[in-house]
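With the hints as a guide, bring the two chains together.
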Amino acid sequence: MDTTDSHHLGKIMDKNTIKKLTYLSKLSIPESDIDELSKNLDNILKLIGEIDAAPTDGMLPMAHPLDFTQPLRDDVCQKNINRDANQHDSSKTKDGYYTVPKILD
Amino acid sequence: MTYKSVTEILEAIKKKDISATEITKDYFKRIKASDDLNCFITLTEDSALNRAKKIDKDISKNNLKPLSGLPIAQKDIFCTKGVKTSCGSKMLDNFISPYDATVVDKLNEAGTIMLGKTNMDEFAMGSSNETSFYGAVKNPWDYEYVPGGSSGGSASAVAARISPCSTGTDTGGSIRQPASLCGICGLKPTYGRVSRFGMIAFASSLDQAGLFTTDALDAAILLKEISGHDPKDSTSSTVEVPNYHDYCINSDKKNFTVGIPEEFVNDLNDDVKNSFYESVKILENIGCKIKTINLKHTGLGVSAYQVVAPAECSSNLSRFDGVRYGHRSKKSESLESLYRESRSEGFGKEVKRRILVGTYALSAGYYDAYYLKAQKVRNLIAQDFSQAFEKVDLILGPTTPDKAFKIGEKMNDPIAMYLSDVYTVSTNLAGLPAMSIPMGFKEGMPLGLQIIGNHFDEKDILKLSYLYQKETDWHEQEPGA
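The listed protein sequences derive, respectively, from chains A and B. Each residue of the first sequence is one higher than the last, beginning at 0 in this note's numbering. Each residue of the second sequence is one higher than the last, beginning at -4 in this note's numbering.
Calculated from the structure, these hints are not laboratory results. Just so you know, these numbers come straight off a predicted model, no measurement behind them. Among these hints, one or two may not hold up.
[Stated by the list, open to error] Pair ranges (Cβ atoms, derived): (1) B:G360 x A:F67: 26 to 36 Å; (2) A:N79 x B:Y138: 44 to 54 Å; (3) A:D88 x B:E473: 40 to 50 Å; (4) A:D94 x B:K11: 34 to 44 Å; (5) A:D88 x B:L330: 13 to 23 Å.
Virtual Cβ for every residue (Gly too), placed ideally from N, Cα, C.
If we strip away everything but chain B, and leave its shape as in the complex, we get (with noise of 0.2 Å):
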């Protein structure tokens, strides 16, 4: 089997060398051996057979879809009918449900075939996969070392090639971390420019949902389909969706003017640094104008995201309760210990963690001292953004301070885990686009670049990611080759 990408096994369906059962036969195959990565929580591999059939005989018939064939692998965080969606937490190990989220619906509709449900962080909180219920992920390019998170499953199986893509949510660095460390291309879209229904919610106002590829042009495929307003979503968007791979494909457009902010590579270790300003050359010479900027209030982004997305969390995960679905405990003997055991139980540490950060900062007399304060922070650091982009095209900086790091290494030094989404963070609060995709490489694992848009801008960002993989072939390098 050669076929990898999704432009590849979309191109080679088209034209019959494949058909949706065999390539779907082969992805099981794939995971099956490596099953040791634990990326996924849930294999589907009788419906994904069975839909595989199904759109071989559509095919037949001539009636092909965007994406007819195409194996993909969903984080468990989007709602599937009648399939187990975990989220990464004991609490809803019990949970099938009953819909699908607008997601999965789109890429369904498309014609994609669900591999299964990708192992993540408990409720997409962490950066390195190993707060899942379901054990540690591992980084295909050396098992020692974590993928990154929360979509640390997605990301670990698109790097290993056991599913060609996959998708992701990021409320904080959740795609753009994991792709980085993974050697992949990792998008978060603006926030509204894909439905959150039936995303399992952690922090409304910042959760986005997104996609891991090997290339850009696979995202930008796979971005057209996941797209556009929702009604059922009610921060969902109206802009008009573009078609992003024609606008890569035929779009003339090579000289833009990318910033890059000073707060984001004064602090970079020699290896990071000198990766990032050969991929600066690389942009240059394809015709970029390369400006120095300041966005200089995103230093205390992590510190604003801290306040903001615990108190979202705190509030959205009172939901779980023990009554209508999920863990409920069995020590419960009246209704306020029925919450108090099943939450207990149910949720782990770093779960518990921000629920109780997010509680005191929400709480009667440090509302205005936290949560108000990071507030008008976050608005800071969006102004800062927002002049940014009076004077430049995109943003480019690293994905992460440096490559992953070992599994245990920073599971008990909670800070050391947040400061991993340093560059990753301000992004989220301010809603914009950004992309990561593979840079090079440190003692044998990956380094990204992260290429930040003004919101709605993807095409750009996809454009210039685009740019750069012609001329590079980092994206190309797979783990164990």
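Isolated chain A (complex conformation) (with noise of 0.2 Å):
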């Protein structure tokens, strides 16, 4: 990702810039779709960048609504969901375990 460009709001979506997204997302778009996609992309962007503009010295940012403390519950061993549960689609599974491709050979 291109970091040397200090203002980057409004900035083109390019065909690279997409590739190097959808390699981030773990997505992948059809090469008939990027042109399309590049252009709703442009326009976000520019809706997006209209925040640029705002007058937002000396604001902090604001992460979460309500300026609350978590209320914490005891600390005592609750029953969760079994693993078997969690696991009933057992074409994922083999002994309890998630299956995926072979990593290592």
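If you want it as structure tokens, here you go:
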């Protein structure tokens, strides 16, 4: 990802950027859809670029809408969902483990 | 069958004028006759009738719960034990949840009977219900129009009177916008009022569960049952839950100071403006004092939302990798391709688009310019609301800029679609409660009035809605009547 440009808002979403994003997102987009996607993403970036002009000097970022302390429950062991219930789709499991394609030969 | 509202049904069951089994059977008849609306992804008729029989037995022993025998439709975003929970996506088309969401659990505990799981935009990303893997839902007022989204199936079902009430979720307007377009009530509570446990996450700092009903009193009855602290949700609030229904009926409060933000009314078309100001006159006659106010940064709401929501979505949806649950591609040859192919086959276009935007906003070199900046704008918007609530009790505006649009009209224009939520997203950014209630019609299609309250002030939103509905009959209008 290009990090040299300090002012990115409204930047054009070119094919290389889309390829990098699909790699990071673990998605693949058919070549035939790239032009339409690029146009749509450009328009979305233009829309969100409007925040650039907002007067946010000295403003704290807001990650959560409520300013409250998280209530903690008692530190007591609780019954949880059992493994069999979570792994009811046996096509993805073997002996209680999830199966994936071989990683090492 | 004449029973339509939650209040009427509960009263009839209490008086034993009708059994839970009879009312359940009646609703399934209505649902089947309206199959072409495409409101439901899954119907749970057998389990509903079994449950109704059990409830009838309990009632015969005078064991009556607050919502005994009340049929309800659950948005397919809520996990339901042993029942498919798809979230409107191919990704979860095969997912059977091993547990119930807290909302579902609480409603079951209160005595409701689940009719089925309602259709929705994929992973709640959409404003028209057209992004669903299961096809578009239709608006019962005119089948060529969208019901709104993302909770389109839930809204359409209540509007068509094929369910007396339903659940929904609201991340940027997904309860209020479809309520407005379908001519019913849609309540988005304060962030943290209702547990998010078992509600499939889209944008965790914005998502909130809520309700669809035909009137404010019905919403008041149901809100009490689904609200309250849940140890399973670290963001759920411990603020006490009032008896909203009793407050609506018994409180003498009428003289609310109601603020109308200039930013919400300046650009309205004449039809929406006329309906809105007729509603304002009704509120003045009730005894409300109307004040013009400013929420000067809410115009940036959609832009900030379109950074925050996709950023959180890209993170939340990384759990769908084809390994543990959900769609697994048959094409995968390596772990990397298992992830990529499963996600590419399982997600639809809009979901992929939002994941890409979110990934972009969170990536190195872009984080400060987009995500951090959007969070600061979010704070500006929240401060606008805080300052406004120092002067007014409630804030009023239209829910949507216009009536429903036609199916297909905005599908190729994501920006036009996002702007459907221009009056709703800011309340999610600020975590505030808000409700849409019917306020009239434009060319035969419903329009909605949005009432926004301060944090945890759902009771005054409901009270004002109740007072308004005593003076109007928009909420009693039915499609095809």
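Check your understanding: At the C-beta level, are D88 of chain A and L330 of chain B separated by a distance inside 13 to 23 Å?
Key -> Once the Cβ atoms are compared, 18 Å apart, the range 13 to 23 Å for L330 of chain B and D88 of chain A holds.
Check your understanding: Can the suggested window of 34 to 44 Å be confirmed for the beta-carbon pair D94 of chain A and K11 of chain B?
Key -> 54 Å, violated
Review point. Is 26 to 36 Å a correct range for the gap between the Cβ atoms of G360 of chain B and F67 of chain A?
Key: Once the Cβ atoms are compared, 33 Å apart, the range 26 to 36 Å for F67 of chain A and G360 of chain B holds.
**Study point:** Hint check for E473 of chain B and D88 of chain A - Cβ pair distance inside 40 to 50 Å
**Key:** 42 Å, holds
Review point. N79 of chain A and Y138 of chain B, beta-carbon distance inside 44 to 54 Å?
Key: 46 Å, holds
Of the numbered hints listed earlier, the single one contradicted by the structure is hint 4.
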